[in-house]
Amino acid sequence: MDLDTPSTTQSDVLKVVAPDVKGSKTSSFKPRGRKSPSDHPRLKRHKRWYMYDGNIVIQVENTLFRLKLSVLHENSPILRNIIPPITTGSLPIVGYNDRRPLILHEVSELDFVRLLPILYLEEPQSPKKPSTIHELLSVLKLATNFQMERVRNIAMTHLHELSIDPIRKIAIWEEFHLDPDLLFPSFAALCQRSEPLTLPMTMSLGIRNFTKVAASRDLYRQRVGCCGCRKSLTVEESQAIADEIVAAVFAKRPPPIEKPML
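Those letters in the sequence shown? Residues 0 to 261, per numbering that gives the first Met the number 0, in order.
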């Protein structure tokens with residue numbers, strides 16, 4: 000058979016016939032770039048998040064999750080558009096069983112598992128929620144992609160409670176467009192630092208924040224004087240001056256001073 004003739008069909012390409020000799024057999028081969036079903040990785044159900052009362056099956060990497068569609072719709076307009084509501088007597092096009100799951104591309108299983116405890120806060124026996132900076136940033140990134148504002152606010156609140164270097168915290172808040180009012184203590188801390196701002200610090204802050212931080216630091220030094228004069232100030236006095244300057248430069252209201260209970 001001449002494989003170079005223009006009349007060769009697709010079936011001819013997928014199957015090559017051996018020469019017509021006694022005992023000859025038809026041999027077949029798999030086209031390069033295609034995989035047989037046996038080549039696909041085996042899917043597994045997640046032990047915790049394949050919920051018995053869930054009604055939508057989602058595949059992330061090689062893991063299947065069965066979740067409550069109402070919670071996804073309530074928290075994410077993106078998922079609300081991707082997965083229409085299930086009406087009585089009808090099945091969704093995808094996601095109704097393990098053979099036809101809704102596949103979330105470009106989402107890691109680890110990030111998705113970290114998101115779910117915050118998304119399903121009211122679930123009994125919910126696993127431990129993300130608590131480290133790395134874990135919360137993972138949640139924040141995914142929640143931002145899915146426009147989950149409630150989850151974003153929860154992750155932001157937990158991040159705000161952690162001890163984070165002021166410059167890194169400002170960079171995180173800028174990247175994810177979080178509540179800028181929560182950055183007041185970070186700007187005040189930078190205002191009181193005696194170390195000069197380096198180029199990497201400047202790049203992390205961004206030109207707008209860097210300009211205001213530099214102005215705040217200059218004003219702070221004018222108020223408190225030299226390093227020796229600064230040492231004569233109490234921590235409370237130094238903090239009050241920094242708060243006042245940052246409030247004026249950033250047009251922010253200083254945090255309320257908690258009065259001791261009598």
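Just so you know, these hints were derived from the structure itself, not from any lab. It should be emphasised that the depicted structure is a prediction, and the values quoted were computed from it without experimental measurement. Don't be surprised by glycine CBs; every beta carbon is placed ideally from N, CA and C. Heads up, a few of these hints could be off.
[As the list claims (entries may be wrong)] Lysine-lysine pairs mimicking PhoX-like chemistry, simulated, CA-CA at most 20 Å apart:
| no. | residue 1 | residue 2 |
| --- | --- | --- |
| 1 | K128 | K140 |
| 2 | K127 | K46 |
| 3 | K140 | K127 |
[As the list claims (entries may be wrong)] Pairwise CB distance ranges, derived in the manner of DEER restraints:
| no. | residue 1 | residue 2 | range |
| --- | --- | --- | --- |
| 4 | R99 | T210 | 52 to 62 Å |
| 5 | E105 | E173 | 37 to 47 Å |
| 6 | T156 | M50 | 20 to 30 Å |
| 7 | E122 | E235 | 37 to 47 Å |
| 8 | H104 | E235 | 24 to 34 Å |
| 9 | A213 | E108 | 17 to 27 Å |
| 10 | D97 | G205 | 43 to 53 Å |
| 11 | I132 | E194 | 14 to 24 Å |
| 12 | R192 | A250 | 36 to 46 Å |
| 13 | K67 | K127 | 19 to 29 Å |
| 14 | E174 | K67 | 47 to 57 Å |
| 15 | A213 | N54 | 18 to 28 Å |
| 16 | R192 | H72 | 22 to 32 Å |
Please name the hints from earlier in the document that this structure breaks, with their numbers sorted from lowest to highest. 5, 8, 9, 12, 14, 15 and 16
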